[in-house]
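2 protein chains.
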Amino acid sequence: MTAPDSPSPLAPKKFPVLPPIAGVRFAAGAAAVRYAGRNDVMLALFDQPARVAGVFTRSKCPSAPVDWCRAQLPRGEARALVANSGNANAFTGAAGLSAAAAVAEATAKAAGAAAHQVYLASTGVIGEPIEAGRIVGVLDALVAAAKPDGLMGAARAIMTTDTFPKVVTARAKIGDREATINGIAKGAGMIAPDMATMLAFVFTDAPIAAPALQALLAKSAARSFNAITVDSDTSTSDTLLLFSTGAPEIADAADPRLAAFRRALDKALLDLAQQVVRDGEGARKFIEVRVGGAATRRAAKRIAFAIANSPLVKTAVAGEDANWGRVVMAVGKAGEKAERDKLDIFFGDIRVAHAGQRDPDYDEAAASAYMRRGKIVIAVDVGVGTATAKVWTCDLTKDYVAINGDYRS
Amino acid sequence: MTAPDSPSPLAPKKFPVLPPIAGVRFAAGAAAVRYAGRNDVMLALFDQPARVAGVFTRSKCPSAPVDWCRAQLPRGEARALVANSGNANAFTGAAGLSAAAAVAEATAKAAGAAAHQVYLASTGVIGEPIEAGRIVGVLDALVAAAKPDGLMGAARAIMTTDTFPKVVTARAKIGDREATINGIAKGAGMIAPDMATMLAFVFTDAPIAAPALQALLAKSAARSFNAITVDSDTSTSDTLLLFSTGAPEIADAADPRLAAFRRALDKALLDLAQQVVRDGEGARKFIEVRVGGAATRRAAKRIAFAIANSPLVKTAVAGEDANWGRVVMAVGKAGEKAERDKLDIFFGDIRVAHAGQRDPDYDEAAASAYMRRGKIVIAVDVGVGTATAKVWTCDLTKDYVAINGDYRS
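These protein sequences, in sequence, are chains R and H. The opening position of the first sequence corresponds to residue 69 in the working numbering, with each subsequent residue numbered one higher. The opening position of the second sequence corresponds to residue 69 in the working numbering, with each subsequent residue numbered one higher.
Hints were generated in silico from the structure; no laboratory data involved. Keep in mind the model is a prediction, meaning the values are calculated, not measured. One or more of the hints may lead you astray.
Put simply, identical chains are the same to the list, so a pair is met inside one copy or across any two.
[Stated by the list, open to error] Once the Cα atoms are required to be at most 35 Å apart in a straight line, the calculated DSBU-like pairs of lysine-lysine come out as:
#1 LYS405 to LYS458
#2 LYS405 to LYS287
#3 LYS177 to LYS410
#4 LYS458 to LYS241
#5 LYS410 to LYS287
#6 LYS410 to LYS81
#7 LYS287 to LYS241
#8 LYS466 to LYS82
#9 LYS466 to LYS443
#10 LYS466 to LYS81
#11 LYS466 to LYS405
#12 LYS241 to LYS466
#13 LYS458 to LYS177
#14 LYS443 to LYS81
#15 LYS410 to LYS335
#16 LYS215 to LYS443
#17 LYS458 to LYS215
#18 LYS177 to LYS443
Taking the hints into account, I'd like the entire structure generated from these sequences.
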């Protein structure tokens, strides 16, 4: 692994303070799963069973922790979450499942809970057997050390090639009470829907029952973690979990009392997802792709991802080249309906192509100046219908190749 | 455009001599379409109308020459082919179609043919208006200069970021006569099915009627030009044309007299397609991906392409890292049926993973030594059925980013 020397130039300038949420405490520790001299395990500990919702990778080769979480999720209650970096415990066969179960059982024992109340996530190298004992060995200490303001430390413990910890906090009124949302994420490469996280854990004290929590999470993920890509590669381990320590009072995701909470949750998840893109391996530019005029929302999203995943579009942005011909190429390759002779393309506010050809008024100098910015908006109208989509990605630089050409050594 | 300084390390050590084919002559000239001081237009001139077959990009935004060829193809006869490099005449609206028609009409006049007997192809920058006059201005000279042994010069004239001309020749018996096949291709980036050429022109004197020629070409393309990828990006301009100067005696592609010819054509097209991959932008390694044990041939090909297009797999090969965990990831993301716990993965003859986990006997030193080779074979058995597929790609290096980060400047 080529360790990043400094934070991404797209990193947030400062981190928010994460206010404590009643009923959940956090700890981080060093288990030397793979990395020495740093924290690589985190624990979230719930004083009472919390409601839990989850969205996972669509990979046909999911990791053992993903299998574990999927199996527990129908019960919808959590007492602990244990996540480690350095080893994904993926493609590790029966031994991997045993390791996951061993960590869950040891956590349950340390926390006075049942194993099915323990959620797991792992990120790192695929295919290497994981030594469960290393994680089990630190659990008692983590339980003892867990504290309400430990979430930032937990965010740091799950970093791999990340150059900064990803955290978010939000508040929303539910009736006359105020709910808090705190979230953390990690991810920098092998980022593509669906899911695109790699890992994201979100905590709230909102009084919502598990099925409603699941419905809210699935909907919100579609426009955040499932609308980002770094490199089109989908992890075996992508895991997004939402925990609520509040009483399960509201049972319907569409309850009007949740209007402000839904907006806050959407905004928080989008913020976290965009932080993952901003920390894309080697990224120097943050790219928003907007597609309009599509036949369906699904078509719009597929066209947007064809643009966002195109190595030629991404290298052009890296080269600060307003090469909209490659955007045309990407629209064409998406396989969705598009009217070539009605296509409009914008870089920011600059319309570079109109009605299927170069905009006669297009000022290349202005476009070149725009391309030097840190955030680039590419907007396309495909001239067919009215459906729209937005996705986010980053540029493709030599540093991406350098980081990934020597990951395991 | 960043001009390549030297041929790809994967280039053939020497070029074959292309024997003349009766009835077709070639010329190349300098029209300064975009590049100065080099040939950028080629002509193939048929003494009598030749039979023609074609396979084109599936892009929804095809170039004007692709539109032109598709419109003429149902007539199935050709007197001339004109191809230029430097400008793709794609996304150029009505002006682009007029430019294509102008070149076809001028060619027809110079050659004493009808415009519908003229085939066109263009490769280069997308979205820039093309000046038809530049090409028209050299047509008389090209017609006058056309000679039977001019095909290698034509191959050089259509190069863009290519570091070497791609040529192939083959012979096959049809009855008691011997047929010759000569082919040329260009392509180095924006290479993905379907098609994946960008441009390939194949000439033969085999006595085959146009519909049979089309059937042979479509079948052969599926396992050659539509089984390669450099960067997953599909050109607007991909064009594969097969011309026959022989009398149209054989009307059925399945005619037993064509058995040897079919094999020779398949081999020649595969050779040309693999040369395109060997010249992939920035390529240092040639990669063959073999998938077996899939539910259907289509599933096998999709899984193979998921591996071949994965930036993480390609950067691992660039880094000479036998990172088979990323192969697992790519199998998982393909979305096709795969039995995670039956998966076998080989690098060359080295089985690195067996039955869903690391092969206990796998020797990392041997795998590392294997990865230093110029050709890498990645083989996967997905444990579901019996269908297989093979595709070819190259590694992803910093040079790919360098070449494409500054193409237009």
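Each hint tested on the structure:
Proximity of LYS405 to LYS458 under the C-alpha cut-off of 35 Å is found in both arrangements, the shortest distances being 17 Å within a copy and 30 Å between copies. Proximity of LYS405 to LYS287 under the C-alpha cut-off of 35 Å is found in both arrangements, the shortest distances being 25 Å within a copy and 26 Å between copies. For the homomeric pair LYS177 and LYS410, the shortest alpha-carbon distance between copies (33 Å) is at most 35 Å, but the shortest distance inside one copy (64 Å) is not. Taking the closest pair of Cα atoms, LYS458 and LYS241 come within 35 Å of each other only inside a single copy of the chain (28 Å); across copies the shortest separation is 57 Å, beyond that limit.
For the identical chains of this complex, LYS410 and LYS287 are neighbours both inside a copy (32 Å) and across copies (34 Å), given an alpha-carbon limit of 35 Å. For the homomeric pair LYS410 and LYS81, neither the shortest alpha-carbon distance inside one copy (41 Å) nor that between copies (47 Å) is at most 35 Å. In this assembly of identical chains, LYS287 and LYS241 lie within 35 Å of each other by CA distance solely inside one copy; the values are 20 Å within and 63 Å between copies. In this homomeric assembly, LYS466 and LYS82 come within 35 Å of each other (Cα to Cα) both inside a single copy, at 27 Å, and across copies, at 32 Å.
Within a single copy, LYS466 and LYS443 get their C-alpha atoms as close as 19 Å, and across copies as close as 23 Å, so both meet the 35 Å cut-off. Taking identical chains as interchangeable, the C-alpha atoms of LYS466 and LYS81 lie at most 35 Å apart whether they share a chain (24 Å) or sit on different chains (29 Å). Taking the shortest Cα distances, LYS466 and LYS405 sit within 35 Å of each other both inside one copy (34 Å) and across copies (34 Å). Proximity of LYS241 to LYS466 under the C-alpha cut-off of 35 Å is found in neither arrangement, the shortest distances being 46 Å within a copy and 50 Å between copies.
Taking the shortest Cα distances, LYS458 and LYS177 never come within 35 Å of each other, neither inside one copy (45 Å) nor across copies (50 Å). In this assembly of identical chains, the alpha carbons of LYS443 and LYS81 lie at most 35 Å apart only when taken from the same copy (15 Å versus 45 Å across copies). Taking the shortest alpha-carbon separations for LYS410 and LYS335, only the intra-copy value of 33 Å comes in at or below 35 Å, while the best inter-copy value is 41 Å. In this homomeric assembly, LYS215 and LYS443 never come within 35 Å of each other (Cα to Cα): the closest approach is 37 Å inside a single copy and 54 Å across copies.
In this assembly of identical chains, LYS458 and LYS215 lie within 35 Å of each other by CA distance neither inside one copy nor across copies; the values are 38 Å within and 54 Å between. In this assembly of identical chains, LYS177 and LYS443 lie within 35 Å of each other by CA distance neither inside one copy nor across copies; the values are 48 Å within and 52 Å between.
In summary, the structure is inconsistent with hints 6, 12, 13, 16, 17 and 18 from the numbered list given earlier, while agreeing with the others.
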